[in-house]
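Please model the complete structure; the sequences and the hints are all you need to start from.
Each protein sequence line maps, in turn, to chains A and B.
To convert, count from 1 in the first sequence and add 4; that's the working numbering.
To convert, count from 1 in the second sequence and add 17; that's the working numbering.
Everything labelled a hint here was simulated from the structure, so no lab data went into it.
Positions of the beta carbon are idealized from the N, C-alpha and C atoms, including for glycine.
Be a bit skeptical, because a hint or two may be false.
As the list claims (entries may be wrong) - Computed Cβ-Cβ distance ranges for the label pairs, DEER-style: (1) B/Gln381 x A/Met103: 25 to 31 Å; (2) B/Arg295 x A/Met103: 32 to 38 Å; (3) A/Glu220 x B/Val494: 53 to 59 Å; (4) A/Gln225 x B/Gly389: 29 to 35 Å.
What the hints assert, rightly or not - To list a few chain A residues with every Cβ distance to chain B over 10 Å, as calculated: (5) Lys43; (6) Ala89; (7) Phe223; (8) His230; (9) Glu234.
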Amino acid sequence: MKHIEFTIDGKTMTAKPGQTILKAAEAHGVYIPHLCAYKDLIPHGSCRVCSVRCNGRIQAACVQTVSEGMIVENDTPEIHEFRKAILDMLFVEGNHFCMFCEKSGQCELQALAYRFGITAPQFPLLEPERELDMSHPDVYLDHNRCILCGRCVRVSQDLDNKNCFQFVGRGHRKRLKVNGEALAETDLRVTDAVVASCPVGALMKKRVGYAIPIGERHFDQQPIGHAIEEKNS
Amino acid sequence: MKKITIDPLTRVEGHGKVTIHLDDAGDVKEARLHIIEFRGFERFILGRPFWEVPVIVQRLCGICPVSHHLAAAKAMDRIVGGEQLTPTAEKMRRLMHYGQIFQSHALHFFHLSSPDLLFGTDGSAASAFAAPREQRHVLAVAKSFPELGRQGILMRKFGQEVIQATAGKKIHGTGAIPGGVNRNLSVEARDHLRKDADQMIRWSKKAVAVARDFTMDHLLEIATFGAFDSNHLSLVRPRDGALELYDGVLRAIDKDGKTLVDGLEDQRYLEALSEEVRPWTYMKFPFLKTLGPQHGWYRVGPLARLNTCRFVPSPEAEAARIEFQAVTHQKPNNVTMAYHWARMIELLHAGEVIRDLLDDADLQGEDLVTQGPRREEAVGIIEAPRGTLIHHYRVDRNDQVTMCNLIVSTTHNNEPMNQAIMRVAQDTLAKKPEITEGLLNGIEVAVRAYDPCLSCATHAMGKMPLQVQVVDAHGAVAAERIRSHELDAP
Numbered sequence: 005m006k007h008i009e010f011t012i013d014g015k016t017m018t019a020k021p022g023q024t025i026l027k028a029a030e031a032h033g034v035y036i037p038h039l040c041a042y043k044d045l046i047p048h049g050s051c052r053v054c055s056v057r058c059n060g061r062i063q064a065a066c067v068q069t070v071s072e073g074m075i076v077e078n079d080t081p082e083i084h085e086f087r088k089a090i091l092d093m094l095f096v097e098g099n100h101f102c103m104f105c106e107k108s109g110q111c112e113l114q115a116l117a118y119r120f121g122i123t124a125p126q127f128p129l130l131e132p133e134r135e136l137d138m139s140h141p142d143v144y145l146d147h148n149r150c151i152l153c154g155r156c157v158r159v160s161q162d163l164d165n166k167n168c169f170q171f172v173g174r175g176h177r178k179r180l181k182v183n184g185e186a187l188a189e190t191d192l193r194v195t196d197a198v199v200a201s202c203p204v205g206a207l208m209k210k211r212v213g214y215a216i217p218i219g220e221r222h223f224d225q226q227p228i229g230h231a232i233e234e235k236n237s
Numbered sequence: 018m019k020k021i022t023i024d025p026l027t028r029v030e031g032h033g034k035v036t037i038h039l040d041d042a043g044d045v046k047e048a049r050l051h052i053i054e055f056r057g058f059e060r061f062i063l064g065r066p067f068w069e070v071p072v073i074v075q076r077l078c079g080i081c082p083v084s085h086h087l088a089a090a091k092a093m094d095r096i097v098g099g100e101q102l103t104p105t106a107e108k109m110r111r112l113m114h115y116g117q118i119f120q121s122h123a124l125h126f127f128h129l130s131s132p133d134l135l136f137g138t139d140g141s142a143a144s145a146f147a148a149p150r151e152q153r154h155v156l157a158v159a160k161s162f163p164e165l166g167r168q169g170i171l172m173r174k175f176g177q178e179v180i181q182a183t184a185g186k187k188i189h190g191t192g193a194i195p196g197g198v199n200r201n202l203s204v205e206a207r208d209h210l211r212k213d214a215d216q217m218i219r220w221s222k223k224a225v226a227v228a229r230d231f232t233m234d235h236l237l238e239i240a241t242f243g244a245f246d247s248n249h250l251s252l253v254r255p256r257d258g259a260l261e262l263y264d265g266v267l268r269a270i271d272k273d274g275k276t277l278v279d280g281l282e283d284q285r286y287l288e289a290l291s292e293e294v295r296p297w298t299y300m301k302f303p304f305l306k307t308l309g310p311q312h313g314w315y316r317v318g319p320l321a322r323l324n325t326c327r328f329v330p331s332p333e334a335e336a337a338r339i340e341f342q343a344v345t346h347q348k349p350n351n352v353t354m355a356y357h358w359a360r361m362i363e364l365l366h367a368g369e370v371i372r373d374l375l376d377d378a379d380l381q382g383e384d385l386v387t388q389g390p391r392r393e394e395a396v397g398i399i400e401a402p403r404g405t406l407i408h409h410y411r412v413d414r415n416d417q418v419t420m421c422n423l424i425v426s427t428t429h430n431n432e433p434m435n436q437a438i439m440r441v442a443q444d445t446l447a448k449k450p451e452i453t454e455g456l457l458n459g460i461e462v463a464v465r466a467y468d469p470c471l472s473c474a475t476h477a478m479g480k481m482p483l484q485v486q487v488v489d490a491h492g493a494v495a496a497e498r499i500r501s502h503e504l505d506a507p
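Structure representation (structure tokens):
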């Protein structure tokens with residue numbers, strides 16, 4: 005198979021035809037921060053955290069495929085600030101209280117905030133009124149923490165072959181909804197792949213809480229992206 | 018009636034305003050410690066998943082978060098039917114709690130109170146056991162009494178390290194979960210703590226001696242300073258009435274030691290206690306139902322606990338308690354300033370308990386969580402450093418909290434603090450509605466003896482300045498003085 009040559013931050017790399025920038029970079033041990041991209045799901049390009057400058061234009065690395073001679077800027081001060089602003093907007097438009105959130109230490113949004121050195125919001129908090137859906141016996145949905153990444157929508161459809169979640173509304177009115185009046189009315193099961201797919205603390209298994217001690221949680225062990233960057237070291 | 022207001026009150030955890038009310042003759046009729054902030058924890062945890070509660074409620078306070086963490090966890094144990102904890106879980110929590118008692122008592126004594134006890138004892142009326150302003154901090158203690166100051170700081174650090182080893186963080190950890198704990202004690206953590214434990218006990222004995230000597234050297238002044246008779250309430254160990262800070266039954270006695278409540282299981286606290294609301298403060302007034310709001314109020318905390326318990330179940334602290342009790346001829350001690358001595362006896366006890374627990378192999382057990390039949394309502398009571406702490410919850414079938422009632426230590430001590438202020442005002446004012454430096458100091462020292470955490474008591478946020486007003490019989494402010502910070506000019 006013919007390989008495509010391209011550069012990330014001046015370093016020449018190869019990609020398979022049709023491979024996205026995100027996947028090609030990861031294969032070479034270059035971590036591009038991302039949130040909505042998840043395992044082998046068809047990429048979505050909704051969160052824009054993986055934005056890179058690609059031949060001079062800002063593109064989402066999770067959906068943009070590599071082309072011959074492509075010049076990708078990933079680890080630059082400009083891209084860093086761009087991603088930081090996006091992460092910050094994800095925080096301020098929801099109600100994220102890391103200090104008592106049970107996802108703390110396992111949360112990809114929090115881990116990215118640590119990686120980007122975000123200690124306080126740079127934008128005003130919107131403090132929206134959001135609902136908590138505790139109707140399901142084994143799983144709950146806390147809209148306060150939802151960042152509309154769409155992982156649950158896609159995992160439920162593509163991996164669980166169900167249709168428990170959908171987006172409604174557009175623009176700033178866009179919201180995650182369940183297929184029914186409440187989560188209990190969907191055919192969601194606690195064993196479904198979707199339950200483990202949420203990057204934040206929005207879709208959570210009930211009554212697990214803080215079972216993993218501080219110090220042993222996923223991102224206590226190593227910062228986000230470490231596993232990919234390790235390949236490069 | 019005239020009213021004197023003192024604001025702000027410094028070196029207490031929180032925010033306070035004091036008004037002193039005079040009658041037509043100009044005598045002090047009443048004193049009120051006003052709590053004017055409101056935080057509303059009881060309201061905003063409604064609807065949240067019950068397993069979040071032990072972690073959320075500890076945000077009430079940065080000084081004794083473990084107390085809220087454990088009181089809520091004890092309630093949630095019952096919600097999941099897991100109140101019969103495994104030995105590892107029970108001992109891990111006990112270790113966390115006694116670590117908390119140790120660090121909080123060390124903080125209060127060395128950082129907040131010791132300047133008064135060490136520098137404010139020249140016997141002049143103006144001092145009222147209050148250190149000169151420029152010496153009212155732990156650094157002054159460290160300068161004049163370097164060994165004592167250093168020990169105080171290291172003792173607090175040790176308590177914090179016990180908390181870190183059991184909860185994952187020194188402040189706001191996650192060790193207790195409904196039905197158990199999320200970790201055991203690593204051998205490394207055990208060995209790290211164990212090597213210092215005996216030193217901590219030796220230093221605690223020195224602290225007991227400092228508090229004892231202060232008390233015995235000033236027995237006459239202390240006997241009347243902010244002193245008043247009261248009932249006393251605390252948990253005690255069920256089978257023998259021993260001092261018990263993590264889990265026990267309620268016991269209340271009157272000023273002479275007569276039993277008012279005994280062996281009352283924590284789940285039934287409402288049979289004995291009720292709360293009165295007064296319009297001028299957000300802090301409620303709890304009382305023993307059998308005696309009513311006027312006579313049923315009581316003290317809690319170290320002094321009350323040493324009065325209600327039959328003995329302290331660790332040898333060094335028990336010896337100290339016997340010495341403490343000899344002063345009042347085995348009767349309850351009703352002297353406000355005796356809190357300091359009592360607190361240091363508990364510090365010593367906590368040190369002994371920590372040392373003995375560290376030698377217990379159950380702490381390295383693997384069986385961490387237990388569960389049983391679900392319940393919809395539960396109470397968790399613990400003896401926090403400042404006194405009895407009650408958490409009461411209802412949880413619905415969807416796992417959401419539908420009711421929360423918190424009665425915290427400082428709330429129990431609400432009326433006692435008012436009484437202490439009134440006594441100080443009566444002794445100092447002498448019919449002149451003038452807020453002197455002596456009055457300000459006296460009020461602060463008396464209130465501080467209770468180690469109040471006003472942020473907890475109203476679940477209030479922020480730092481607490483002190484304002485004092487004297488109000489006459491017609492409600493007019495006769496005098497007012499505001500102190501924004503202890504180092505500011507008056």
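Structure versus earlier hints, numbers of those that do not hold, lowest first: Violated: none.
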